[in-house]
Every structure is written in C-alpha cells, then in structure tokens.
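Fit chain L to the given chain D structure using the hints.
Protein chains: 2
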Amino acid sequence: MDQREFEIQPNSDPNPSTTHVYHLALDIGGSLNKLVYFTKDDDHFVDGEAEISPRNTSEKSKGSRRNHPVLKGKLNFKKFETSKIDDCIDFIKTMKLHPGGSRQQENPGSQPISIKATGGGSYKYADPFKERLGINLDKEDEMDCLVAGANFLLEVVDREAYTYMGDQRQFVQIDQNDLYPYLLVNIGSGVSMIKVEGNGKFERVSGTSIGGGTFWGLGKLLTQCKSFDELLELSYQGNNKEVDMLVGDIYGGMDYAKIGLSSTAIASSFGKAMSDKKEREDYRPEDMARSLLRMISNNIGQISYLNALRFGLKRIFFGGFFIQRHPFTMDTLSVAVNFW
Amino acid sequence: MDQREFEIQPNSDPNPSTTHVYHLALDIGGSLNKLVYFTKDDDHFVDGEAEISPRNTSEKSKGSRRNHPVLKGKLNFKKFETSKIDDCIDFIKTMKLHPGGSRQQENPGSQPISIKATGGGSYKYADPFKERLGINLDKEDEMDCLVAGANFLLEVVDREAYTYMGDQRQFVQIDQNDLYPYLLVNIGSGVSMIKVEGNGKFERVSGTSIGGGTFWGLGKLLTQCKSFDELLELSYQGNNKEVDMLVGDIYGGMDYAKIGLSSTAIASSFGKAMSDKKEREDYRPEDMARSLLRMISNNIGQISYLNALRFGLKRIFFGGFFIQRHPFTMDTLSVAVNFW
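Protein chains in written order, with my numbering: chain D, 1 to 340; chain L, 1 to 340.
This is chain D alone, in the form it adopts within the complex:
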C-alpha cells in the first residue's frame, strides 16, 4: 500500500483556524500511533495532501469498479510514537478537535465526542484521552478495519499495489474479479498474516513476532540509533557481508552447488559476529543495521510465501509501517518470496 501521496509533513498541518476537521480516527499500535483526519477546505490545499477520490482511474477500469461516493476534501495522516501519547493528545488539542475546540463550539449542545480507534492502544490509553480531552475512544476491531481498508484500496484505487524488483517499482494490475482470495501481510511491530476471501470474510492464519519492532528494538540495542528512520537510513549505507556468514565463507569462497546455494547466499545471519577476534565496537553500525533488515525482511517473505502456498493464495499484499516508503525493504521481501 502506498501512503506516500497522502503523507503530510509535520510542518504542513492544516491551519486549525481556517480548516474544518472531520472524521478524526486513530490506530494506536505497539510502536506507532497513526492518526487520520479529513479536512474540507477548498481554499487551503497543502502540498502533500490528496483528494479523496479515485485517482488516475481510466474510464475503462472505472466501469469495473464498485461505486463509492466521492467526498470533496483531503485525508491527512500523521504519526506519533505510541510511547509519546501526550504529543498526540497535544496535537488533537491544537487542532481543536476535543470538546471545547472549534467543532464542539459549533454544536454546543452535543455529547462528548467519540472517535473511532483501533489497535491495542485504544484500550491501553483510553483513560488519558478521556481525562485530558473528554474524548471516548470508540473501539473498532483492528483486523476488521485493516481488511476493509485493504479491500477498499485494492478495489477502488488504481495503481495502489505494486511490486519491487531490482529497485524498480512496478504497479500491479489487479483484475477486480480475480482479487480474492489473497494473503494480507501487515508488518507492524509484529506481523499478522490474514487470508482475505472477500469483504468481511477473513481469518488471521499466521504471523511472526519478528517484525518492525524487532528491527527497531534490536537495531537500537546494536547501533544506539535514536529513531526508526535513522536506523533505516543507516542500513542503506551498510553491507551485510561484514556481519552475515555467507555460504562462500563456509565453503572457502565456493558455492554449495549440489543443493543450489550460491556463495553469496546468507548461510547464517550475524554468523560472522561469532568471531573471537572482534568485539561489538569492531563492527560498523550500518553493517549491523543492514544485516538486521535483510534478516527480518527475508524471514517475513519466507513465512508469507509458505502460508500463501499452504492456503493456495496466489497473491500476497504487504503493508504496514515497516515497509512504507522503504524500497529496499520491499525489494528484499519480493526477492525473498521469489527465492522460496
């Protein structure tokens, strides 16, 4: 899923005094707290926002898509680290969404606002939202919403799904009559794998605890990076062969041809770090970050592929913050699925 076109930079938040904000909703996950809200202000387009209407839809394909109402306005996305819940609450205050804010003033007799929220944090942080903002978090099931959202995007929005091969992004043409069943792999702190058979018809069939939280958590321990984005940036500059044990390292530079393993295949992630001759300080942070990223991406790709095989699903869609806007991660996932 590409959220790039929807992304708002932190300094491009709409001006709360001139913009009407509607439909605030939250997904409070284990690592990140994602906030989405809809603004209706034709005079105040902000770079990086997107109109909510089917984009780039050719007349031909339009005919085969389901009919959805087109709202005039913009969707705005913003994220906070979940642990910094107060930053999010402050933001909502600034946007005057809370009771006593602009919206409330327009409807002075209305009840305290309920906003839709998903994710474990909608339970865990219900109290501070109530106490500081007077907001009730109206909890929706996270899997229901995830699947409904994915189905909507895949059915309605053209050029929504794509694959990465050799650094090239290629959009995937989806025949709307042949979308289901598919495997939806949502890579958050952990990874959920969901067999989707139609609207409202799905089952969480698998997952792995080795996900975005592992990349960030282990990466922070290894490199002492300060943020997820810094760690990811670092990984692009690294070389995993300084840390991983490759088939060639074991076989003196040779392939293990009989079983089809090339000398550059990773035999053991972080296997070179066993060496007695080097300490942690002797490894470059960027190499460890790279190795970690490949280890986790490969593993998710492999387990996804095995589950797709198991349930006879010919297509896998990956989503979630771990891969969003990160071509290398997506490329590694694609390579892993193709390898296995």
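Among the clues, some could well be false.
Each pair may be met inside one copy or between any two copies, as identical chains are not told apart.
Listed below are the simulated SDA-like cross-link pairs for lysine to any residue, each with C-alpha atoms no more than 25 Å apart in a straight line [stated by the list, open to error]:
# : residue 1 : residue 2
1 : K314      : V205
2 : K84       : K96
3 : K78       : D138
4 : K139      : S263
5 : K124      : K241
6 : K278      : G248
7 : K79       : G319
8 : K139      : G260
9 : K277      : D141
Since the hints were made in silico from the structure, they are not lab data.
Leaving out everything else, chain L in the frame of chain D:
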C-alpha cells in the same frame, strides 16, 4: 538426536599410548568443527564413552530392525570452534593420527592418510591439514552423510528420538515401517530442512539463515558473552518479557481474544527495546539472551512446521549443535510446532 551418551569430556580423551584409534572423521561447519573417532581398547573404558552396539534394544523390537554389524569399541566425539582450526590439528597430532603418528608407524609403507570430512571447512581448511599433518581431507557431501546418519540412528538405535514438553523428555516410539517420509531439520550456524523419503532419497526443501550462528553472533554483540555455552547458560536465567513486546503490553494487559492471541504471547520480539527511556545498559544480558533464544527457536519451529505441512510430512526430527543437550531450546521448538 541425543549425543549425550556419546559425549566425551575434554579431560577424558583416551590415552594415545594405550589406545588404538581408527576411523577419524571430521565435520567442519561454519561455527564448529566436530571430530569423531573410534577406539578399540577393551581394557581402557573411559566414563562417558559408549559402545557402538544397539543400546537398550528389546528382543521384540530387535527383530524388526535391520541387521548391522556390531563393532566392539567406542565412538569418541570432540568439538572445536572452527576458527581455532589449529587446536584441532594439535589434537590430532597428540592423538598420533597423522603420518608419523602411531598408526602410520604400524604401516610404514602406506600412503599419506586420507580422512573423511564433510562441511564447508573441508574445502576451506584442506591446505592446513595437508601442510601440517600430511592428511588429505577426503570430502563427502554433508547432506548425504547427515541423512545417512539420521536414518541409521532412527532405524537402528532405540530411544534415539524424543520430544520435550513442559521440561519433560519423552522418547518417541518409531514404527520402522512408518518412518518415512520425515522432515529433518539440522540446526547448525544456519538451518537446513531436508525432506527424507528413504535411504539416499532426500531433498533439501527449505532452510533459514536464522540459526545457531545468529544466536551466538547476535548474542555476543548484545551481551558480550565469551562462548556459546556461556550465552546459553545466561539465557536460562533471563526473562524475555523484559525485552519482548507481549500482546498484553499493547492491549493494556488484555488478550486479543478475537484472534486467539493471549496476553502473554510475544507480539514483537525485542519490541520493548524500542523504548526511548532505556539504553542498552539498562537491559539485563540474561533477558536479551532469553529473548533471542525464544525468537530463534520459535522461528525455526514455525518454518519447520510450515514445510512439514507443505510436503505432507507428519514427523519432524530436529538435530544439530544448537539444540544438542539444551532442553529449553528443544522445549521451545516443540511448543512452537504445536502452537502453529
């Protein structure tokens, strides 16, 4: 596979002056160099050695097993870190196995000794064996040997395979007519998964780079342990919930009941280490070691299970140095297979 009964403590090596050593063979892997040799010395039994004859075999089951010659003597196992290849060569010198050693003196006209060797190191370290010992490493394919060895043990030796559940070791009764096909999971530095259909009939169908080398390598980086055994010992004293993000951590202590995830399930391995409030020094090494062990064991169990399903294999046998003599690892693998 249980090598416990064969294991020799370092200080119980047979006395080279009174013991005849035969059939030295090596498996030089990415992390460990495993050496096995056969001694024939009825007067010199050493505690911890084992006679090579079917053990504990009841008369009843004997009848159904294949006929193998019984040699009078003992198998001795010894391991070295592969990077310390000179220690291994020194040991072979001390045991007088090399040309000019005791065996050579008995057959003064014989050619330089060839010894059987498997693993990538048999290619990588061929030169030092030749130069320092005059020994030719006669390379055998590692998968061929692995499968032949596993089949032999499973067919011939009673009480060879077992499972762990709740810290209890339970031997698995194997009907010899119903042994094949099975999945053999060999956990070395990396992990190989082999579909075994009979003697000499097998195929490497999958694997993962997240194996024993990852445990040791990452564990060394995180804890600065000096050895694999020290790291493993450490992991037994740790608690993974200090480092892993559990379902309950995300859901404010609650289960995510709808999809069957209990509050104590690991949502994200090392996910708690994302926290801004703690640095590496604030986490206990034993907790990180524990989390790492669970992450890797769970993952191997899951991928093994998915491959067993894929190929319709009803039994999985795990082997390799990562689990050898480590009940907790074996228990975690068993739990993982049962969970998925």
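How the hints compare with the structure:
1. Within a single copy, K314 and V205 get their C-alpha atoms as close as 15 Å, and across copies as close as 20 Å, so both meet the 25 Å cut-off.
2. Only within a single protomer do K84 and K96 lie at most 25 Å apart by alpha-carbon distance; the minimum there is 19 Å, versus 67 Å between protomers.
3. Proximity of K78 and D138 under a CA criterion of 25 Å is satisfied intra-copy only: 19 Å inside one chain copy versus 63 Å between copies.
4. When the C-alpha separation of K139 and S263 is checked against a cutoff of 25 Å, the pair qualifies only between copies, where the shortest distance is 18 Å, while the shortest distance within a copy is 51 Å.
5. Within a single copy, K124 and K241 get their C-alpha atoms only as close as 41 Å, which misses the 25 Å cut-off; across copies the closest is 18 Å, which meets it.
6. When the C-alpha separation of K278 and G248 is checked against a cutoff of 25 Å, the pair qualifies only within one copy, where the shortest distance is 20 Å, while the shortest distance between copies is 38 Å.
7. With identical chains, the CA atoms of K79 and G319 are at most 25 Å apart within one copy only, with a shortest distance of 16 Å there and 45 Å across copies.
8. Taking the shortest Cα distances, K139 and G260 sit within 25 Å of each other only across copies (18 Å), while inside one copy they are farther apart (50 Å).
9. For a Cα distance limit of 25 Å, the shortest separation of K277 from D141 qualifies neither inside one copy, at 51 Å, nor across copies, at 30 Å.
Violated hints amount to a single one, hint 9; each of the other numbered hints is respected by the structure.
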